[in-house]
Amino acid sequence: MDFAPNGTRLGLGDTMTRKRYADILEVIAERGPNAFYTGPIAETMINAVQEANGIMTLDDLKNYSVIIRNISQIDYRGFRITSTTSPSSGIVAMNVLKVLGTYDDFFTPGNVNLSTYRMGEAIRFGYGERTKLGDPLFVEGMDKYQDDMLKQSTINEIRGKISDFCTQNVSAYDPDGIESLETPGTSHIATADHSGMAISIITTINLLFGSQLMVPETGIIMNNEMNDFSIPGSSNAFGYIPSPANYVRPGKRPLSSSTPAIVTHPNGTLFFITGSAGGSRIITATIQNIIHAVDEGLSAAEALARPRLHDQLVPNQVYFEYSYDNKTVDFMKTHGHNVTWIAPGRSSTAQAIRMLPNGTFDSAGEPRQLNSGGFAV
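If you use our numbering, the sequence shown corresponds to residues 1237 to 1613, in order.
Note that these hints are calculated values from the structure, not bench results. In this text, a Cβ means the ideal position worked out from N, Cα and C, and glycines have one as well. Just so you know, not all the hints are guaranteed correct.
To be verified - Using C-beta positions, here's what the derived DEER-type ranges look like:
(1) GLN1605 to GLU1376: 39 to 47 Å
(2) MET1237 to ILE1425: 35 to 43 Å
(3) THR1280 to ASP1379: 32 to 40 Å
(4) THR1596 to ASP1341: 42 to 50 Å
(5) ARG1542 to THR1280: 37 to 45 Å
(6) ASN1503 to VAL1348: 46 to 54 Å
(7) MET1433 to THR1338: 27 to 35 Å
(8) ALA1579 to THR1280: 37 to 45 Å
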């Protein structure tokens, strides 16, 4: 119905409308979340899952609850940045940015190459820290581990390990050889109002089209979020072992790359909102967009248009979008990095809002994503 409304599959340039899904969203907006987790909508989901040999039950939906967790927060260049904690990955971005905040002349015009290299190294250490993250309700000591990630002693230790002359073996960043999962299939929205209320929200069904199961009555696409868990006894394609902190358990939330971020002035007023889709590339995209806004003073559109790099430590590659400056990429090569060029569409898709001093909004949508946009009303 959605993808072949007249019996013929939609093609490039055709417009798709998801009317059933829109109707369900209206029902949830009017009746609240219980309309989703119980009643007819829930029954259609469970029927579809069980007909596809799934094991989810109505009780599973009914017993689901939202967990309100602690935030991660740092001071950076005179601003305050707020993001999430495990089992999402905002804490990783905060760790990386806090390390980078120790450098002077960061991304000044004459220091772009070295700043890019230092950013890449801090990111590699950040992804090394991420390998031990998991659901705090199931992993003993997780709250302390995350607190330690932002302690100044940890930041100083990481800064001391970064060499300005050459990158290091993966084992220097991830001594335990734990896998770094690739997790695509996500959407991000940033929004704010005149009062300064700001929201950065990331939603996901994990892989593209999730479990590839759509509920016929509602148009809801079921996720395959279980794929975000590590599998005991199964190394990934690069020979790295799974993370015990992310093993599947009943009721446990898997580790996610979700990294929404809000940047405020010291007095609490809004400065910048960002976030991204793109699986494991969400973290690096968010870090770079914050740097573009804070360190380089770029507008929302300028920040999103800048070419991005990505390095998640495993595989041992740093990926550069085609339009990245060749001199900077050559600098990374001479410092020992394994470089791979990628098309912009293969990286990440971000959105951003910047609040100007006069209180107006500067908003932009991902230029890599057709029909994405930012609007101020």
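Hint check:
1. Taking 39 to 47 Å as the suggested C-beta distance range, the pair GLN1605 and GLU1376 conforms, at roughly 40 Å.
2. A hinted range of 35 to 43 Å for the beta carbons of MET1237 and ILE1425 is inconsistent with their spacing of about 25 Å.
3. For the hinted restraint 32 to 40 Å between THR1280 and ASP1379, the CB-CB distance of approximately 38 Å keeps it satisfied.
4. Between THR1596 and ASP1341, the C-beta spacing of about 31 Å breaks the proposed range 42 to 50 Å.
5. Hint check: ARG1542 to THR1280, Cβ distance near 44 Å, so the stated range 37 to 45 Å holds.
6. The given range of 46 to 54 Å is broken by ASN1503 and VAL1348, whose C-beta atoms sit roughly 31 Å from each other.
7. Evaluation of the 27 to 35 Å hint for MET1433 and THR1338 yields a pass: the beta carbon distance comes to about 32 Å.
8. Against the hinted window of 37 to 45 Å, the Cβ-Cβ separation of ALA1579 and THR1280 comes to about 39 Å, which satisfies the hint.
Going through the hint list in order, the structure does not satisfy hints 2, 4, 6.
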